[in-house]
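Asks: Sequence:
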Amino acid sequence: MGSGPLAVTCSLITVVFILLPIAWYRRGCLKALMEVPASSTWWLTGASRRRMWGILVFRGATFIMMLVIQIVQFAYRGVGVLRFLTVWTYILMTVTFALGFGLSLEGWFLHSSSEQLPPMNPKESETLANSSRMDFKLGTFNRKTPNVSPKQRVVQPLDDAAEPTPVHARHLVYIVMSQMGLSMALFIDVVYWGLLRPHPQGHSTWFQHAINGLSMIIEFTINDVPLSYSSAAFSLMYLYLYSVFTWIMVDGFGAYSYPYFLMETDTWAALLWYPMCLVLLTLTHFGIVPVMLYTRRKCRPEPEGAQADDMPVSASARAGTAPPVVTAA
1 MGSGPLAVTC SLITVVFILL PIAWYRRGCL KALMEVPASS TWWLTGASRR
51 RMWGILVFRG ATFIMMLVIQ IVQFAYRGVG VLRFLTVWTY ILMTVTFALG
101 FGLSLEGWFL HSSSEQLPPM NPKESETLAN SSRMDFKLGT FNRKTPNVSP
151 KQRVVQPLDD AAEPTPVHAR HLVYIVMSQM GLSMALFIDV VYWGLLRPHP
201 QGHSTWFQHA INGLSMIIEF TINDVPLSYS SAAFSLMYLY LYSVFTWIMV
251 DGFGAYSYPY FLMETDTWAA LLWYPMCLVL LTLTHFGIVP VMLYTRRKCR
301 PEPEGAQADD MPVSASARAG TAPPVVTAA
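For the sequence shown, the UniProt record's numbering assigns the number 1 to the initial residue and increments by one for each residue that follows.
Keep in mind that the hints were calculated from the coordinates and are not lab data. Cβ atoms here follow ideal geometry from the backbone N, Cα and C, with glycine treated the same way.
Here are the computed distance ranges between Cβ atoms for each label pair:
| id | residue 1 | residue 2 | range |
| --- | --- | --- | --- |
| 1 | F109 | V79 | 32 to 38 Å |
| 2 | G54 | L272 | 44 to 50 Å |
| 3 | Y76 | L19 | 38 to 44 Å |
| 4 | F109 | I248 | 38 to 44 Å |
| 5 | F109 | V279 | 43 to 49 Å |
| 6 | L272 | I18 | 20 to 26 Å |
| 7 | R77 | G252 | 19 to 25 Å |
| 8 | L283 | Y260 | 15 to 21 Å |
| 9 | G54 | Y256 | 40 to 46 Å |
Please take these sequences and the hints and turn them into a complete structure.
Replies: Below, the structure written as structure tokens:
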């Protein structure tokens, strides 16, 4: 095993991933992420309670299915499967759907006693409807997002409706994990098994990889979880952490051999494979963001007459004494 290629590869990749979060922060991506409404993690803009119920059921069923499959895999093949990036991603997505299911339950029960949908105050409405600057930073390009659905009306705001629903750590964690899961699943499915290893072996290769990709595509199609180009940094960091773990286990402890030929560090070809994988992962993420946003628009066309200007406005709102609040009719 060549120590030279290993040392150079690890050093260069580590320097890149030290600078990556610094650049991500300095570009204002964290501030933009903090502006995302917390309700976007469990509520669909303008959706009925039936749609909210559908998201909750999908997340819960997917979590249970993925958990059972992972338990069965551990039972039959042991914990040695943890050396594979597919299993890492599968566990990541299992935890993601568990958290998403919890957020859906939170949103459902917080508002189950009221006939209206989750309260959408003026600031949240403005964030969702007129967020060109934030959308540009997040890479959503959703500048034509309608203000409200035709089932909504503008009414006099309540006294406590001036402050937006604060985004908490659990919401940010879910947004980050879901975006990581989407790009990582497609990277493994399309890039590795589709381009680099087009002849996979075993049923688990097809079954588990298919669940990884399809579940995340459906998740981002049926809800309003933010999608951003800048979150490619999270997927790259995730891949880096997996690489560090593998370096330690293989070259440090000699626990097993490299699970992928792309990761072997005994030749100088590693200086080609590692950067190539990082570039391909970035391109995968940059490619899926506009595709998923287009799919969202096609799967959820806005009904005609959904603009806020066509909605009835209360007398106080017309007089300018109070900002309008969007609620369910």
